[in-house]
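Participant: Hey, can you work out the whole structure from these sequences and the hints?
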Amino acid sequence: SAVISQKPSRDICQRGTSLTIQCQVDSQVTMMFWYRQQPGQSLTLIATANQGSEATYESGFVIDKFPISRPNLTFSTLTVSNMSPEDSSIYLCSVGTGSAGNTIYFGEGSWLTVV
Amino acid sequence: SQQGEEDPQALSIQEGENATMNCSYKTSINNLQWYRQNSGRGLVHLILIRSNEREKHSGRLRVTLDTSKKSSSLLITASRAADTASYFCAPPWSGGGADGLTFGKGTHLIIQP
Chain A
908 SAVISQKPSR
918 DICQRGTSLT
928 IQCQVDSQVT
938 MMFWYRQQPG
948 QSLTLIATAN
958 QGSEATYESG
968 FVIDKFPISR
978 PNLTFSTLTV
988 SNMSPEDSSI
998 YLCSVGTGSA
1008 GNTIYFGEGS
1018 WLTVV
Chain B
3 SQQGEEDPQA
13 LSIQEGENAT
23 MNCSYKTSIN
33 NLQWYRQNSG
43 RGLVHLILIR
53 SNEREKHSGR
63 LRVTLDTSKK
73 SSSLLITASR
83 AADTASYFCA
93 PPWSGGGADG
103 LTFGKGTHLI
113 IQP
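Protein chains in written order, with my numbering: chain A, 908 to 1022; chain B, 3 to 115.
Among these hints, one or two may not hold up.
[To be verified] Quick look at which bits of chain B chain A covers, simulated, 3 or more residues with Cβ under 8 Å:
hint, stretch
1, 16 to 23
2, 29 to 40
3, 43 to 55
[As the list claims (entries may be wrong)] EDC-like cross-link-like pairs, simulated, lysine to aspartate or glutamate; straight-line CA separation at most 20 Å:
hint, chain 1, residue 1, chain 2, residue 2
4, B, 107, A, 965
5, B, 107, A, 1015
6, A, 914, A, 994
[Claimed, not checked] Sample of chain A residues with no beta-carbon within 10 Å of chain B, all distances over it, derived:
hint, residue
7, 913
8, 925
9, 967
10, 969
11, 990
12, 994
Simulated from the structure, these hints should not be mistaken for lab results.
These numbers were taken from a predicted model, which means no experiment stands behind them.
Where is the CB? At the ideal position from N, CA and C, for every residue including glycine.
Facilitator: What follows is the structure in C-alpha cells.
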C-alpha cells in the first residue's frame, strides 16, 4: 500500500487569499488525483496531476482557480486560489500505483474553512 | 470513469447487528473497490474485489459481486461503534488513462450502542 501525507491537515483561510496543499507519497506512483468534498457531499474529482505536464481538469474546474503541480512521481500540490466561502471543503489527494490490482489510496485530506 | 451508487443512503443499527449496504454501477468492470470515511477524514481502502470473484472476505467484512446485475454488496458482521462512518463503492480506474474514480453519495452507517 501507499502512505500519503497531506499538509496542511486543516486551515482557516481569509477570503481572497490562496492556499497550497501538498501531497507526498512514500513510493513512486503512476497517477495522482485531487478531489474535493464539500460539507455533507460526496467526493468530486478536480483533476489528474500529470508528471511533467499540465494537469487534466474535470468539467467545472479550471487551472486558474486550482493550479496543480507534479514535479516528480511522489509529490504534487494543489492551490486553491482567490478563496471564497464556497471553497470551504475537504481536499483529498489520491494515488494509483498502476499495479495489477489498481488499488487507489487516499490521503487524510486537508480541511479548509474560508472566512 | 463511472459512478457507483450506494443504497441505502443512511442505515442505523444496534451494535452487534450486521450491516448490509449495496452498490450498483453502469458498465462492465474489472474490479470494484470499497472505502470507508470517518467524519471529516480521508478515505480508507477496505477491499478490492475482482470481476472473476463472487465473494471476498476481510476480517468482519464480506463483499460480494454480481457482474450480471452490475451490483455489489458490503456486509459488516458483528458491528461496533467504531464502524460508524460513510461507506463508498468505487468502480475502477483504468490503470493507464487520465481518469479517476467517481463516487456516489455513499451509505452513512450509524451504529447505536
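Participant: A separate judgement is required for each hint: does it hold in the structure or not?
Facilitator: Consistency of the hints with the structure:
no. : hint             : in the structure
1   : 16 to 23         : violated (count 0)
2   : 29 to 40         : holds (count 4)
3   : 43 to 55         : holds (count 6)
4   : 107(B) - 965(A)  : holds (18 Å)
5   : 107(B) - 1015(A) : holds (19 Å)
6   : 914(A) - 994(A)  : holds (17 Å)
7   : 913              : violated (8 Å)
8   : 925              : holds (23 Å)
9   : 967              : holds (13 Å)
10  : 969              : holds (16 Å)
11  : 990              : holds (19 Å)
12  : 994              : holds (16 Å)
The structure fails hints 1, 7 (numbered hints given earlier, in ascending order).
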